[in-house]
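**Q** Spelled out, the chains give:
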Amino acid sequence: MADGMKRRDFLKVVGVSGAGVAAVGCSTQQVDRLIPYVIPPEDVVPGTATFYTSTCRECPAGCGILVEAHEGRVTKVEGNPTHPVSRGKTCARGQASVQGLYHPDRYAGPVIEESDVGTARNVSWSVAEQQVAAQLAAARGSIVYLSGAYTGTMARLADEFAAAVGARRVTWAPLEDTPRGLDFSTADLLIAFGADFLETWGSPVDYAHQFAQMHAYKQGGVRGKFVWVGPHRPLTGLNADLWLSCRPGTEAIVANALASGDASGAAAAGVDARKLQTAIDWYRGSRRAVALGPGAALRSNGTTALDAAVARLNRGGAAGPATRPADVRPVVELTQQMMAGQVKAILIDASDPVFTLPGGLKFAQALKKVPVRISFSSFPDDTARICNFVLPQNHFLESWDDYAPQPGVLDLVQPAMRPVFNTRQVGDALLSIAQRMGATLPSAGAAKTYYDYLVAAWAGSAWRDAVKRGGVFAGGATSVAAPAVAAAAATPAPVAAVPAPASGAPTFEGDANGYALVVYPSYRFYDGRTANRPWLLELPDPVTKVPWDMWVEVHPRTAQKIGIKQGDVLEVKSPHGSIELPAYVWPGVRDDAVAIQMGMGHEGFGRWTEGRGANPMRLLGGAVDPATGAFVTYGTKVTLRPTGEGAGPRFHGLYENGVRIQYDREVSQAISLAAIQGFDARGPGLIPGQEEKIEELKGNGGFKPEETTTDPAGGYPTPGTEYGQYVPGETRWAMAVDLARCIGCGACTVACYAENNIPVVGPTEFKRGRDLSWLRIERYFGVGRENEEAYTDDATDDVRFLPMPCQHCNNAPCEPVCPVYAAYHTPDGLNGQVYNRCVGTRYCANNCPYKVRVFNWFTYEFAEPLNWQLNPDVTVREKGVMEKCTFCVQRIHEGERKAAAEQRHVRDGEVVPACVQACPTEVFVFGNIRDPESAVARAATTNRGYRALQELNTQPAVVYLKKVTLHEPRNSSDAAEATAEMGGTEHTPQAGAQPGGH
Amino acid sequence: MKRVVTTLGLALLAAAASSCRGYSADEGDAPDQPIAFYHSVHAGQNQMPCMYCHYTADRSVDAGIPSVQLCVGCHVPGSSMPGAVASQAALSFPTAERDTMWNRNANLLVDYWKRGEAIPWVRIHKLPEHAKFPHFMHVNAGLQCQTCHGPVQEMKKVYQFSSLRMGWCIDCHRGDTPLSAGEEASVQQRSSFIRRVADLRRGGNDTRGVPATRPRQRATTDCVACHY
Amino acid sequence: MATETPTQTVIRSSFHPDVENYEQVNRDADRLLTKPGKGYLALLGTAIGLVLLMVVAELHNVWFGLGMSGLTNPVGWGVYITTFVFWVGIGHAGTLISAILYLFRAPWRQSIYRFAEAMTVFAVLTAALFPIIHIGRPWFFYWLLPLPSQRHLWPNFRSPLLWDVFAVTTYLTVSSVFFYIGLIPDIAAARDTAVNPMRKRVYTILSLGWKGTDREWRHFTRAYMFLAALATPLVLSVHSVVSWDFAVSIVPGWHTTIFAPYFVAGAILSGVAMVVTLMVPVHRIFGLGAYFTPTHYDRLAKLLLLTSLIVGYAYGMEYFMAWYSGELFERDVFWDRVTGQYWWGGWSMITFNAFVPQLLWIPRIRRNLNAFFLISIFVNIGMWWERFVIIVPSLAHSYEPWKFMNYHLTWVEASILLGSFGWFFMWFLLFLRYLPGLSIAEIKEVLPPPMKRHDPAEHMEQIDASGPAGLLPTGYFDHAASR
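Which chain is which? The protein sequence lines are A, B and C, in order.
Our numbering applies: residue 35 is where the first sequence begins, and numbers increase by one.
Our numbering applies: residue 174 is where the second sequence begins, and numbers increase by one.
Our numbering applies: residue 123 is where the third sequence begins, and numbers increase by one.
Chain A with its partners taken away, still in its complex shape (with noise of 0.2 Å):
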């Protein structure tokens, strides 16, 4: 395999794939070449994929990855389904880093700037080497090496280098230092403290499983409640059961509230009593209550409170070890020094410290103080750009590497690909640059290579084994004895569970009467090391729903009183700096708060980033609470400012997509857990509330409605809607979506355009509603009439997020209307869509009720080297083609075909669209619904199916299960008040299930 990888060439293949893809209809002539092999490398068979065990490295969260490469080139990017951290799934960052990989703004190769001209210069590595190597020794003994947070094998490269050079090691690695491994699947109660889980904080796609399995309804059992505090709600907030938003910097009150089962505190902090009192009803009430945090937003100046009493709240069984922030309080020396000029010379392989440190502690002056400034980044960032040196490092799907996310768990990182560009890792440098500095590494050895150092390291003891299963895991299917290595695994290091010398309650410097600022990790972009990549800035934020930009969110009463609205420009100032930004209004923030997310205002960093939002960190002293040393983000207040720049001409300014209110379509249905369990007490297989209808319309002589059945083998096909060649015994596909797994992180999303070559559109074109998205999610904070009612203060209680893909109607409205036959239905149920053949008249689309049909306005771009990303397998559509959700038919037609070739039927479960893959949560279940045996037949016969829009009889082939909620949803159609009326007869809902006042 090792072997294999290195033979592998990716110039003298693309050719055997067809010359990449063309567009569709006609291509004019052209000479093509077939360009063989040389030396065929076994493992891989022209035109099929091949997939290769990995691990991604976009956040230190460890998750293990396949990664598919077509004739050596990498295209997609998948869960590795054995590994513990990621079960397979990933998140929208993993998706996206195959953008990482190809992106048009990496070094093409190392580059030198000399001080004397002022010139970048490209350089060959052996030059660059060589001068670094020269600078260094030159340096010796006041040599800084500013690193992430390495593990395993390359923390001990980086050990020995730094000794054997005469370097001091200084590590940063911002948002790094939270806990992971931990394990509440099991609880049934979540206090989360601004601990975004389900984003950054500490491992986003297992600890999303994880709220899943705890928080999503299950027929028969437990479903887990989720509080969530905080001054705001991100992401993970949104998806809790109640929200206690309590004054800045009161958090621990509100936590010892909760302890002691007295709300007295409430009035001190600010919480709503009534939540409250719920919230501790709860907590008495609960079998194992897990309580995390305090999350990287909420770091105080006197977190040592809010710690103790979160841990004291841990009940049945704690989630894990107990873990401290990391100690930044090197990294201010090291400013300090270096301002003081005591540093000659800096080599840097940090997440960007020039944008991610706090701006009070004015790392970029200081940095231009030293002498010798070696960056090892990739990208033109804001650090890489006033550095002398550039060694430019692979992408990791380039690289060899281990890496120990947690405790039990040594990844391996295996390279799918050459380099795209003339770029090297890290550890191959530095053992370069040390044979050059005449420096021996005691544990090098023979070792030219990071590769051979690493096997060396290994000592083959599980070597191919791990190459396999992509690294090695306690308690794995064959658990293989760990390597020497995996012993130097664990961060962040457990601390004793005794607090740290109490400090007192958190202070706020700047304008005391000013607003509270928040700065939290961006699900997108985390802490701006994935701010670059065009599927990232594409994605709506699961939150706010704006695309391409950053904003600063205020409260509706704030924007009010400082008399502003949505997009108005507002300039943020703090003792330490000011920053301008649009004004996102919503009652998702305290009004005496505002929040802005971390990851965009880079001044390098690429053609799509650069200039781009405002980077909050400015706005920070970088001043270190004493407790833990960590960095205080929540410790500062800001005054606000209207520039009196407004949102700016049509399609500028900020853009908000989508609406916030169903305007009574119901299109995304929720249903209340007392109800719910009345139903499935009845037994399965009706709507709720359906059935009263039913009887009404047969009553008035109506018909009844075909579609209130989601029986797989009712309503297919419909009688009298036969068109479409339906053969009893055929396979129908269809797709289950559980409205309650659903957490609105849009990595189904991301998913869908890495596998089907979908083009980015970019901010003018995507405010025109031109983007093109195949599986979008909706976000609702309300289903009424009023758009008032998305600015109330509990209009965050019960949010809706509804993925809306292709719906595949059996009775498909788009079908009969296209004059070309280019949308038609298969024998098999799906709502075929031939781009070739279509003319581009935009009918289907128009008669398309969900509007789930998307049409090429251009010929749209892949910048050269993004296009290497494209899916030989689907077409990339031209301009004037209609395009839409095909249920990953490519992937369907190769499970029939696996299936033929072993003269068998598809297994269920066989055939996995893309975005059913990625899902963390697992919302999605494809499958035949025309077996009845299928997984997805029986999750669409659940009480909790409905059909979106289902008064249109158009037959969608997706059933969506409603969202369950504590409360009884608020203004719901009648088939919840039906539901409403039934859980009153026959259930009496549970205790406390009434909160924020419903």
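Just so you know, these hints were derived from the structure itself, not from any lab.
Accuracy of the hints is not assured; some may be wrong.
Among chain C residues calculated to face chain B with C-beta under 8 Å, some are [said to hold, decoys possible]: (1) Gln146; (2) Gln272; (3) Arg273.
Simulated crosslink set (DSBU-like; lysine-lysine; CA at most 35 Å straight-line) [to be verified]: (4) A:Lys932 x B:Lys305; (5) A:Lys502 x B:Lys305; (6) C:Lys322 x C:Lys424; (7) A:Lys396 x A:Lys595; (8) A:Lys599 x A:Lys396; (9) B:Lys299 x A:Lys932; (10) B:Lys287 x A:Lys482; (11) A:Lys482 x A:Lys502; (12) A:Lys402 x A:Lys671; (13) A:Lys402 x A:Lys607; (14) B:Lys287 x B:Lys330; (15) A:Lys607 x A:Lys671.
A virtual CB, placed ideally from N, CA and C, is assigned to each residue, including glycine.
Once you have looked at the hints, place chains B and C on chain A.
**A** Using the frame of chain A, we list chains B and C on its own:
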């Protein structure tokens, strides 16, 4: 005025038609290849099975193009043995010094091998990328390579034998194109489509609905089967 | 016997009291064909300029893609389809006047039907551009035509768009044939008077060697009547089919049974309005008062009034059903039409089409050329907005709330809209100068024939009595006027 309309119409049709020419080398044309490789010698005289070189035709979408290594494997014996140095490779038989057309071309091959370069063959059979053609499904159904590619074993220069246009595919899928008795037999037995329909019939289902099931239908004519 | 001089009773047609005799008709008809003045050239130049503008804009659409228009995901149809429906609608009045009124023996059509018919042909010619302009890949337009191909593929006959293709092409063919047949005798007349040899040659070809023999006339009148009979149903069918583009879909605001009659009425309304819009200037410029008499305007006004009432009723009905059905989506859409982003479009449609024409109840207004002309302009604008308001807000607020998104027109669409007018007027102006705009033959039919006999009245009565009336061309004679 009607004249205007008709001219407009004609111009439009002409433009449309011209914009729609030639996905590939047109039928029957046989371009020069970088090496005068004679299929007639390899597949014809020497009776080599097609899949000795086109090695993935029965397990992948692509038929596969032989690697240079595979060529020299025969022409330069021992070239791929461990320790063999490509740069010293030399043509060994029948007699390297004789200047024959065969030798000249064989030496071209050896040069490619020495330089470690791939041979840039000119592509003859090419479908547009919006039409997917899985070789293995057809090979496994028992179709002979010659049925679509023509009598390659007699070709000195390979030319495009079939039109590769959609109607040509459809005709065969519908069963309108005659196949050799042997092929027809194995297709009837192995075609996944025919088996599916048979299953349905066995299940007592009414199969009139299966798209375009004609009496001699061999394979699906569902658009999305090839266009996606 | 003493010979008495015949009593010179001058007899005039009640429709054209100012026309003295056949010679005058020939003179006036020829006057239209004389050398064009500067004003005319200026107009023609502007029209052609607009056409060039349209070509440039359309090239943008083809080269860069339809993104150059303001269309977006929920609003897939906008100005292009609006303008298409608008021009198809305009087309109707021509056929109505020339064919239906012919069959109904409405004598007042003679002098105006030629303009109306020309307008029809050119309007449909304009409309025919838009199905091609509005599709995403116009170079594949021919896939909409049922042409046999090696792919074994045919178009989808269930799609209303395909019905459109057939409806419009049929209408274009029939109306242009009808137009041409009617022209033959007049072209022959023009041929005989033409001096310019080039013109003479062209007319000679076009007139198909018409000599005006009795036999020719008999065939001519038959052919003319059959074509009229053929064209009449098309007046109703074409716009019904066009309306089904919308009615067959499930989009709220489109999915209505009232659409076919509603669209036909609207079409005639807009058509008649356009006739007036064209007639008045021609009347003024060429001083054709003798042929476009108050009677004509009066009748046209009444036609306009009638159709405007029907359209007004349809508007009311739509809103009533939206309210009465209690259908959420329907209600929202209709509410959005008059309160949403395009509220002014909605209101101008209602005002201009339903209310403004009511002024024509007043005889003084409908006889006043300026007022009538103004009203007709209003109706034209209103009818364009009607189509726009039906198409855009319905799409912008259909079922899926997440995709409520409105539409803003771009310079490309604006230029193509203007260009369509340029295209139409280019043809019309050329027609004015190169083909007889007055139907010489048929106007003569309603004039008293020059007689040697002293009492033409009797003679006429004999003619009237003799032969089945059906075979007569539209010869009428007002006896009242002759006494």
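**Q** Which of the listed hints are not met by the structure?
**A** 1, 6
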